[in-house]
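**Q** Residue numbers are given in numbering that gives the first Met the number 0: position 124 of the sequence shown equals residue 123, and the series is strictly consecutive.
Among the hints, a few may not be true.
[Said to hold, decoys possible] With beta-carbon atoms standing in for the labels, derived distance ranges:
1. LYS76 - PHE47: 42 to 50 angstroms
2. GLN49 - ILE176: 35 to 43 angstroms
3. THR175 - LYS96: 18 to 26 angstroms
4. ASP86 - PHE188: 34 to 42 angstroms
5. GLN79 - LYS106: 44 to 52 angstroms
6. PRO105 - ILE80: 39 to 47 angstroms
7. LYS104 - ASP177: 14 to 22 angstroms
8. ASP118 - ASN64: 37 to 45 angstroms
Since the hints were derived computationally from the structure, they do not count as laboratory data. Heads up, the beta-carbon is just placed ideally off N, CA and C, and yes, glycines get one too.
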Amino acid sequence: MLRKNNLVNFRRARSEIVVDILSILILTGVIMIATTSPYFIVNILKGFKQLKKYPDKKVRSAFYNLKKQGLIDFENKKGQIFFSLTDVGKKKASWMKIDNLEIEKPKKWDKKWRMVMFDIAQAKRQEREALRGKLKQLGFFLFQKSVWVIPYKCDKEIEMLKKFFGLKDSEIRLITIDNIGEDGELRKFFKL
0 MLRKNNLVNF RRARSEIVVD ILSILILTGV IMIATTSPYF IVNILKGFKQ
50 LKKYPDKKVR SAFYNLKKQG LIDFENKKGQ IFFSLTDVGK KKASWMKIDN
100 LEIEKPKKWD KKWRMVMFDI AQAKRQEREA LRGKLKQLGF FLFQKSVWVI
150 PYKCDKEIEM LKKFFGLKDS EIRLITIDNI GEDGELRKFF KL
């Protein structure tokens, strides 16, 4: 984990199993396993389809490494082990979620444009630059400075980015419009 100006940057998860475990924990919050069972790993595998493809040893090793890195915590209560994400684990899982964010492209365009406009203060320059990079990665077209356009629904994705970067409604807006004026260049860019 690297820390630069209070922004946390994580390296991409090295293995698919780590991504799967963190994804499960971010969705469920907690994994609970009976400790009386000698088939500890088998119990975990039964509960989650994503983990069935891995050998028991690899699952055990991944849980151990996640604990060692401080990403997950376990607590033993009355014969049950509860696995949960630590605060650092939640941050890493959030980064993974943003890294894997994609905008779904429908088969048929609804003839509406989505325009993202932002005005983010110089004090949040890193957030602004990271947002720009993510919008570009998501396939947005730079229409004007700090104005990006895409023809696909993206309300949930923009809301997720807004929360992730800690932006206010006054700093980023998503507008859906029917007419953007001359849109030949946009139609060509998006192959519409």
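**Q** Is the distance from the Cβ of ASP118 to the Cβ of ASN64 consistent with 37 to 45 angstroms?
**A** Given about 42 angstroms between the Cβ atoms, the range holds.
**Q** Regarding ASP86 and PHE188, is the given constraint of 34 to 42 angstroms on their beta-carbon distance met?
**A** holds, 41 angstroms
**Q** Can you let me know if the beta-carbon spacing of GLN49 and ILE176 is within 35 to 43 angstroms?
**A** Taking Cβ atoms as reference, GLN49 and ILE176 lie about 39 angstroms apart, which means the hint holds.
**Q** Verify the CB-CB distance for THR175 and LYS96 against the hinted window 18 to 26 angstroms.
**A** With a Cβ separation near 24 angstroms, THR175 and LYS96 satisfy 18 to 26 angstroms, so the hint holds.
**Q** Given the hint of 39 to 47 angstroms, is the C-beta distance from PRO105 to ILE80 inside that range or not?
**A** Given a distance of about 43 angstroms, which is inside 39 to 47 angstroms, the answer is holds.
**Q** Please test the hint of 42 to 50 angstroms on the beta carbon pair from LYS76 and PHE47.
**A** Because 21 angstroms falls outside the window, the suggested range is violated.
**Q** CB of GLN79 to CB of LYS106, is that within 44 to 52 angstroms?
**A** Because 46 angstroms falls inside the window, the suggested range holds.
**Q** Is the gap between the beta carbons of LYS104 and ASP177 within 14 to 22 angstroms?
**A** Distance hint for LYS104, ASP177 holds at roughly 19 angstroms.
Checked against the numbered hints above, the structure violates only hint 1.
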